[in-house]
Every structure is written in C-alpha cells, then in structure tokens.
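Asks: If you're matching them up, the sequences are chains Y and P in order.
Residue numbering for the first sequence follows our numbering, starting at 281 and increasing by one per position.
Residue numbering for the second sequence follows our numbering, starting at 281 and increasing by one per position.
Keep in mind that the hints were calculated from the coordinates and are not lab data.
These numbers come from a predicted model, not from an experiment.
Treat the hints with caution; some may be incorrect.
Identical copies look the same in the list; a pair holds intra-copy or inter-copy alike.
[Unchecked claim] Below, simulated DSBU-like cross-link-like pairs (lysine-lysine); rule was C-alpha separation at most 35 Å, straight line:
1) K411 with K386
2) K341 with K368
3) K418 with K331
4) K386 with K361
5) K368 with K302
6) K285 with K341
7) K285 with K331
8) K324 with K368
9) K302 with K361
10) K302 with K386
11) K341 with K302
12) K386 with K418
13) K341 with K331
14) K285 with K302
15) K418 with K368
16) K361 with K285
17) K285 with K328
18) K328 with K341
19) K324 with K341
As a plain string of letters, each chain reads:
Protein chains: 2
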Amino acid sequence: MQLTKQTDYAFRLLMYLACLPKDQRANIQQVCTFYDISSNHVAKVVVKLVKLGYITAFRGKGGGLMLARDPARIRLDEVVKDFETSLKPVNCETPMCAIFAGCQLKAILFDGMQQFLSTLSQHTLADITDKRLAQVVKVR
Amino acid sequence: MQLTKQTDYAFRLLMYLACLPKDQRANIQQVCTFYDISSNHVAKVVVKLVKLGYITAFRGKGGGLMLARDPARIRLDEVVKDFETSLKPVNCETPMCAIFAGCQLKAILFDGMQQFLSTLSQHTLADITDKRLAQVVKVR
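In isolation and in its complexed conformation, chain Y is listed as follows (with noise of 0.2 Å):
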C-alpha cells in the first residue's frame, strides 16, 4: 500500500523549493539531478503542481520555478488528496464487487484512510523543512 509515485514526486518537488533561500529559483533538471530522478515523470508533476497553484514556474532567463504558496498554509493531506488517483484502499465498483451490498469491510477500510489523511493534516509543508533538511538540500 504505497502513493504513486506523482504524490511522492510532488512532496519531493515542494520539500525542495520549500527549502530555497527566498527569491531563489530552481529548474527542473536541477531537481531531477538533486533527486536523481527521471525527468519524464517530473514535467508532468510540475505542470499539476502549476496548474493546482502549488508553484509558479517562470520562463526566460532567470526563470524557474518556486513555491506559489506559503509553507505553512500547505497541508500534508492535502497533497496527497490532490494527486493520488484513488482514495479508497479497494476498489468495489469497478467492476461492481458481487458482495458490495452487504459488505462491511469497505467502511472499515475507508475509515482507516480517514485516519491516515487525518495525521498528515496536522502537518503542513512548513513543518517539514526546517534547518536539517536545508542543510541537507544545500549541500549537495
């Protein structure tokens, strides 16, 4: 039971330019360089992260992208909501699971992803870059 990639890709994308000193841009090869990850799957992360008005990516020289939001107001679910493509730990309906009517198991399950958005949202972005992991995005 894992996020898709895109959701771990968006998390990564934010924690590093959550970590730019202020004003400071960052292009997208330099994070795929960063992250040592394939550039394909981050262009499209980016252009979600525009679109959902996470970021700004600026065009010319000097351009790049950087943060849109601040840190703080960033909920750690609501990223999560915002990329995964399904919520819901099974799929019943798709095709239409012969037991879906009295079936009790799918509540339970639904309930237990409320709880595990209901921890991320008393994070936000902001409280996951401090000083360590600056450090550690700067270093490199």
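Position chain P relative to chain Y; hints supplied.
Replies: Chain P alone, transformed into the frame defined by chain Y:
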C-alpha cells in the same frame, strides 16, 4: 493509494469462506465465478492463505477450501500485514532518496499508516461476516 489485488482477493476469499455453512467447503472456481475474477490471481492467494494457516485446502472428492481459524480471531490488520508487499507509503531507500537524512515526511507518512492499521485492528473477520453478508453470498 490502494491495497494490492492480492490483499483485496485475500479478503474476498476469507469473507466468502466465513459465510459458508459449518463444514461446507468451496472450490476456487466457485469463488472466482461468484466474484467474477481471474482464477490465476486467486490461486496464488489461496496458496498463500493455506501457507499462512488462514485456510485449509482438502484434496480429492468432497475436497475444497475452508477456514482454518476462528473468524473472531482473524484481525483485519493481520491480513493486510501478511499480504501487502510494502507498508511504507513511500519508497525512500531503493534507490536511496537524496533527502533521507533530513526528511521528516517519512515519519509522518509511516505514522499515518500505523493509524490506518490501528483502525483495522479493531475489527475481525467475524465482525464483517454477519447474516446480511451471508445472505448475499448464499443468494447468488
């Protein structure tokens, strides 16, 4: 963020078998036809369920599958732990993530997963296989 097909099918199989009248057995084909799922996938799950002691497979005439344990003693989190390939919501170590040392996100995600499992641990197979489910299984 979804459970694997293996875990999903393990639950379906266990729920089906828990609904059978006492001493009745079911064969794989019956279960596959009931749920309209591929017997290839289900066969692998059956092998694992037998190996882990959840069910017993009787061979020959009058053979078939039946629960090997009291459903009231099969906690739902156990099934997830036994069947999921990974319970780490992100893969930080293969390959090693560049921010592993300073990253606080992983601890929050793992805490969230513990909350998910903790919710499931409050329920057993017996809790989710009541008369209503038995009726759905029997009717078809």
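Asks: It remains to establish, for every hint, whether it holds in the given structure.
Replies: Hint check results:
1. Taking the shortest alpha-carbon separations for K411 and K386, only the inter-copy value of 17 Å comes in at or below 35 Å, while the best intra-copy value is 41 Å.
2. For the identical chains of this complex, K341 and K368 are neighbours neither inside a copy (43 Å) nor across copies (40 Å), given an alpha-carbon limit of 35 Å.
3. Taking CA atoms no more than 35 Å apart as the test, K418 paired with K331 passes inside one copy only; the shortest distance there is 27 Å, against 49 Å between copies.
4. Both within a single protomer and between protomers do K386 and K361 lie at most 35 Å apart by alpha-carbon distance, with minima of 19 Å and 17 Å respectively.
5. Only between protomers do K368 and K302 lie at most 35 Å apart by alpha-carbon distance; the minimum there is 33 Å, versus 38 Å within a single protomer.
6. When the C-alpha separation of K285 and K341 is checked against a cutoff of 35 Å, the pair qualifies only within one copy, where the shortest distance is 30 Å, while the shortest distance between copies is 48 Å.
7. For the identical chains of this complex, K285 and K331 are neighbours both inside a copy (18 Å) and across copies (32 Å), given an alpha-carbon limit of 35 Å.
8. Proximity of K324 and K368 under a CA criterion of 35 Å is satisfied in both settings, with 23 Å inside one chain copy and 24 Å between copies.
9. When the C-alpha separation of K302 and K361 is checked against a cutoff of 35 Å, the pair qualifies only within one copy, where the shortest distance is 28 Å, while the shortest distance between copies is 43 Å.
10. For the identical chains of this complex, K302 and K386 are inter-copy neighbours only, at 25 Å across copies versus 45 Å inside a copy, given an alpha-carbon limit of 35 Å.
11. Taking identical chains as interchangeable, the C-alpha atoms of K341 and K302 lie at most 35 Å apart only when both belong to the same chain, with a minimum of 18 Å there against 75 Å between chains.
12. In this homomeric assembly, K386 and K418 come within 35 Å of each other (Cα to Cα) only across copies, at 20 Å, whereas the closest approach inside a single copy is 44 Å.
13. For the identical chains of this complex, K341 and K331 are intra-copy neighbours only, at 22 Å inside a copy versus 62 Å across copies, given an alpha-carbon limit of 35 Å.
14. In the homo-oligomer, the alpha carbons of K285 and K302 lie at most 35 Å apart inside one protomer (28 Å), although the nearest pairing across protomers, at 45 Å, exceeds that limit.
15. In this assembly of identical chains, the alpha carbons of K418 and K368 lie at most 35 Å apart only when taken from different copies (27 Å versus 38 Å within one copy).
16. Proximity of K361 and K285 under a CA criterion of 35 Å is satisfied in both settings, with 14 Å inside one chain copy and 22 Å between copies.
17. Taking CA atoms no more than 35 Å apart as the test, K285 paired with K328 passes in both settings, with 13 Å inside one copy and 28 Å between copies.
18. Taking identical chains as interchangeable, the C-alpha atoms of K328 and K341 lie at most 35 Å apart only when both belong to the same chain, with a minimum of 23 Å there against 58 Å between chains.
19. For the homomeric pair K324 and K341, the shortest alpha-carbon distance inside one copy (22 Å) is at most 35 Å, but the shortest distance between copies (56 Å) is not.
Checked against the numbered hints above, the structure violates only hint 2.
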